[in-house]
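Listed below, chain by chain, are the residues.
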Amino acid sequence: MTEASLLGAPWRTASLDQPAGWRCDAPAASEAVTWRAFHERIGAWQVLLDTLATPGRRWLLHLKDPLEFAAALIACWERGDSVVLPADDRPDTLAGVDRITHARLGDVAKAHLATPRGASPRWGKLNAERLAVSLYTSGSTGDPQRLNKSFAQLDAELATHARLWPLEGRLVISQVSHQHIYGLLFAILRPLCEGAPMAMSLCRYPETLSDWLWRLDRTRRHSQDAPPGAVLISAPPPLERLPREIDWEAAPRVLKRVHSSGAALSWAASEHACELLGVAVSEIYGSSETGGIAWRIQQQGERWMPLAGVEVRDDCHGALWLRSPFLSSGDWQRQADRISLEGDGFRLLGRSDRILKVGGKRLSLTAMDRALGGHPGVVQARTVWLPERDTRLGAIVQLAPERLPHDHAARRDLIETLRRHLLAAFESTVVPRYWRFVDAWPTDTQGKLSGTVVRRLFRDLEDRRVPRWLGVERQDDDHCRMTLEVPERLRYVQGHFDRHPVVPGVVIVQWIVELAREHLGVSGVFQRLERVKFPTLLVPGERVTLSLALTHDARDTRLAFTARSPRGTHATGRVVFHAQEVNHVE
Amino acid sequence: MSPVSNDLELELKHLIIDTLELEDVTPDDIDRDEPLFVEGLGLDSIDALELGLALQKTYGIKLDADSEESRHHFADLKSLAALVEARRVK
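Heads up: the sequence lines are chains E and S, in that order.
No gaps in the numbering here: position 131 of the first sequence is 131 in UniProt numbering, and each next residue is one more.
No gaps in the numbering here: position 64 of the second sequence is 64 in UniProt numbering, and each next residue is one more.
Among the hints, erroneous ones may be present.
[Said to hold, decoys possible] Which residues of chain E face chain S? A partial, calculated answer using Cβ under 7 angstroms:
#1 Thr-208
#2 Arg-411
#3 Arg-412
#4 Ile-415
#5 Thr-417
#6 Ser-428
#7 Tyr-434
#8 Glu-488
[As the list claims (entries may be wrong)] In silico negatives: residues of chain S with every beta carbon more than 12 angstroms from chain E:
#9 Arg-32
#10 Leu-43
#11 Asp-47
#12 Ala-54
#13 Lys-57
#14 Tyr-59
#15 Gly-60
#16 His-73
#17 Asp-76
#18 Ser-79
#19 Arg-87
[Claimed, not checked] Ranges of calculated distance between the beta carbons of each label pair, as one might list FRET restraints:
#20 S:Leu-49 with E:Ala-367: 50 to 58 angstroms
#21 E:His-500 with S:Asp-31: 42 to 50 angstroms
#22 E:Gly-278 with S:Thr-19: 26 to 34 angstroms
#23 S:Ala-82 with E:His-500: 40 to 48 angstroms
#24 E:Pro-401 with S:Glu-21: 25 to 33 angstroms
#25 E:Arg-351 with S:Leu-49: 31 to 39 angstroms
#26 S:Leu-49 with E:Ala-425: 55 to 63 angstroms
#27 E:Thr-551 with S:Asp-33: 52 to 60 angstroms
#28 E:Arg-351 with S:Asp-18: 34 to 42 angstroms
#29 E:Gly-301 with S:Leu-49: 48 to 56 angstroms
#30 S:Asp-31 with E:Trp-321: 36 to 44 angstroms
These are calculated hints, taken from the structure and not from any lab test.
These numbers come from a predicted model, not from an experiment.
By construction, the Cβ of each residue, glycine as well, lies at the ideal position given by its N, Cα and C atoms.
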């Protein structure tokens, strides 16, 4: 077999009866989606593209369905086009990409989709220096930046992965977005190049993963055409949150490998995942800019081993320097992470100092984070600059559960304690003014405390009608649980009862409806309330857990809610939504 | 304490909280005899400047934020209320 590469266009010569995709939840014997069917999807996309523009264009592509995404991508490439992958589907993100692309393709607003009818694909010409995709950095180190990847760059990385972790026909199951480099390489391009099938949809929840592994385990026993096993493309958030209560017994029989990237996996999470899934996690360290740099399996050691062809050294400040075939230039490049070299690998020591000027004073945010992290009861902390408040800092502090403040007085005491702790080392003007205490580290789906998550945590500063939002935990599409606090300066509590301010019930219901739209995608029209009670008054400074659960029938969506704190139940009941009338817009 | 100064003190408490956007402080948390700066409420030099601006805007009081005199007036809520009552032009 020739080496897996995009330039070799292996999809053109794949055995047409073999599976390119696998429907993990389909009835037995109807799981496989063949390369023949995949070719027809490529053809269908080319028919669409031909009606939109002559070849040589750039397209915005956003599509959650992995195989259909792959078909659209190859249709573009074989036609002589390139694609830009927006980092997410938010209107602002898409509008930014619109400026440099011809039109939108995929599953977002105003995007074109290929018809279900298949067509014969047309093969074109790929060459090494041609631009294949542009994508965006996660923005964890500042504003998202666009990066261009040529076929040669992607191929260098794919070949390295294929040698280290050959797929050998196994099913690729992904829990990460392929709009980013890690998901794109591991969940889409590798199975395409190595002729391995990919799961037809993203596997977002642990229950789904367990179910899919059980099904594959059964199918494998009586069908020779079934994939011989599976590889899981994951990230710290899903791996840290694998529930023990689910039956993982099939996992060790089916899973050959588990990958994680996007952020470092804690030792505890790597042990947890290894114990439940029966296979140690292969982590990849890298970034959108650099591609993969190194990998490790923590059960074999904490050290990171550079990927083949990647050269690593440090300087007198401990900064990581890199020379890599996955970069566009062959020069040494300095990185923001600090390392210590050990044998033929290295340890990561965290990022180089984040330096900021606050009120004219130079401050190392990293040092502030370390100081906060050193206080008893603080699990980890991140000091953040708030764009709307350039003289004052915010702090996100994860606390041990018993230290969380549940009311105004406890929160004030805690802030005072942390302030005094910091005043030992910092001037009072740089000590954070806005505090967000969380019980779990808030991240996006990539496992990062991104700018978007930070802005969400501090939104109540800019909008005095909303509760303070302190993180959400999604159980599945219909269930989530979030932590909220009632801001002392909430507009609605002022003057309600002068001496004993409380949050009016109608405001609580309004919050619940808005949060259900935000986190559970509820889109129906508000109809009525059922069995609503507010047994315990909700007061400023109070910290509550809000549980939301959706049920659906043919006509209505019912949202059951409960808001609780250690003092009692503050709100419980149901909101009924009617399905929205669908307007078909051309 | 006269009812007038009581009202003014509450008004000043709201002015301090709103001007400095103190998210975790309610009027009840501000003691009229407790220091506003460093100890007590924990305000700092940037807050002093912003508070000076707010007093100017709301009551027409002019202050030199660095002078010993203003430091004295900013000592606690009680002195601040006395300053506003004595010097307000709005």
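Q: Enumerate the violated hints, using their earlier numbering and listing them in ascending order.
A: 1, 5, 10, 11, 20, 21, 22, 23, 26, 30
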